[in-house]
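**Q** Dock chain V against chain P, hints included.
So you can see what is in the structure, the chains are spelled out below.
2 protein chains.
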Amino acid sequence: MKKQLDIVELLRHSRHDWLNKLQLIKGNIELDNLDRVKEIIEEMVFEAEYEAKLSNLKLPSLAAYLMTYNWESHKVFIEYEVLGEVQDLSKYDRSMINWTKSLIELLENSVHPNGNHHLNISIDIRNNDVRFFFDFRGIISEADKITLWVKNNNSEEQISITDYDLHTTEMSLEVSLL
Amino acid sequence: MKKQLDIVELLRHSRHDWLNKLQLIKGNIELDNLDRVKEIIEEMVFEAEYEAKLSNLKLPSLAAYLMTYNWESHKVFIEYEVLGEVQDLSKYDRSMINWTKSLIELLENSVHPNGNHHLNISIDIRNNDVRFFFDFRGIISEADKITLWVKNNNSEEQISITDYDLHTTEMSLEVSLL
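Chains as they are written, first to last, in my numbering: chain P, 25 to 202; chain V, 25 to 202.
Just so you know, these hints were derived from the structure itself, not from any lab.
Among the clues, some could well be false.
Calculated from the model, a selection of chain P residues having no Cβ within reach of chain V, i.e. all distances over 12 angstroms [unchecked claim]: (1) 30; (2) 33; (3) 40; (4) 41; (5) 47; (6) 62; (7) 128; (8) 137; (9) 138; (10) 146; (11) 149; (12) 184; (13) 189; (14) 201.
Here are the computed lysine to aspartate or glutamate pairs in the DMTMM-like style, where the Cα-Cα straight-line distance is at most 25 angstroms [claimed, not checked]: (15) 50/P / 54/V; (16) 82/V / 96/P; (17) 45/V / 71/V; (18) 125/P / 56/V; (19) 45/V / 63/P; (20) 45/P / 181/V; (21) 125/P / 56/P; (22) 50/P / 75/V; (23) 45/P / 105/V; (24) 50/V / 105/P; (25) 45/V / 153/P; (26) 82/V / 33/P; (27) 50/P / 181/V; (28) 115/V / 181/V; (29) 45/P / 59/V; (30) 45/V / 187/P.
Built from N, CA and C at the ideal position, the CB exists for glycine as well.
Chain P on its own, in the form it takes in the complex (with noise of 0.2 angstroms):
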C-alpha cells in the first residue's frame, strides 16, 4: 500500500514539472514568440538528458535524492547537470550521497531564511577522473559553519575536496572521487 501511494505521489510531482513547462509552450505559442518555445524545449531536452544521465551512473541513491530534492518544501532549489560520458560510478554511491546530503542539510542551515538560495551541481566524469563541482549562489549567513564542516569533512574514504571559495553570496566546491 505504501509503495503505491508513493508511485502516486511521485507521478503527481514529476506530471506538475512537467505541466508548468507546457504551459511554458502554451504561453508563447499563443503569443507567437516561436524563438522562445523553440529554446524552452531545448532547455527541456538538456534538463531531461542530464535526468537520464544522471539515472544512469549507478548512483541510485544519489540520483534519487537528488531528483526528487525540489519537489519537498526547501530554501535551496537544486540543479544538476552531468558532462561526459556514462560511466558506472555505483561504488561511490553511499559515500557520495551521505557527503552529499551532509553538505546540503549544512547549506540549508547556513543560509538566510529569505531569499533566492541556488545550488548548482556539475558532476563532471570528461577525464578520468570523477569531479563534483557544488555552486551555492544565494545569501549565507552562517559561513564559519560551513569552513569548519569542509575541514572536517575534507578527508573521507573516496572522497577528497580539492577547491573551496566561500563569500557571502557565493560558495564554490570541488571534489574529486578516489
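**A** Only chain V this time, still in chain P's reference frame:
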C-alpha cells in the same frame, strides 16, 4: 536501496513518455503546423488531468497499476479517463484492483498474439453511483474464456457487472460499484 532504484526507474519511464510527446511538438513546430501543436498540447493537458483525477480518487493501488501499466511490455495498451468530480473511493481500492487486474490478465491471455489491442477504461462518477466502463478493441482469440470469467465474476461483494457485450474485435463491460 530497492526503493531508490524504483524512483529512478519510475522517473525514467515518465520522462520517456513526456519526451516522446515533446518530440512531437518539436517536429510540428519545425513543420510550422501550429494548429497540430496546439492539439497535441491540449491532448497532453487532458491526459494529465485524467491522471491527476485518477490520483485523487484515493484508489492508490488501482491508480498506480493503471498509470504504470503501459511501461511494461504487454499486448494490450491501456488508456483511461475520469468523468465527473473527484470523490473518495478508497473503500473500493482493494476490490477494484483485484477485479481489474484479473480482467486485464484475462484479456492479455485471450487476445491474438499479434495485432493492436486497446483497452479504454472510463471511470464515471458524474452521477451518484460509480461506474467503470471497459471498452476493448482488438482481436479476441478466446471469447469463451472471457464470457466464462464474466459469469464467474459477476457477483463480487462490491462489484456488479451491469452490461456485457462481446464480438471478435470488441468487448464492452460496464461495472457498477455498490
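**Q** Which earlier hints turn out false for this structure, listed by number in ascending order?
**A** Violated hints: 1, 2, 3, 4, 5, 6, 18, 20, 21, 25, 27, 30; rest satisfied.
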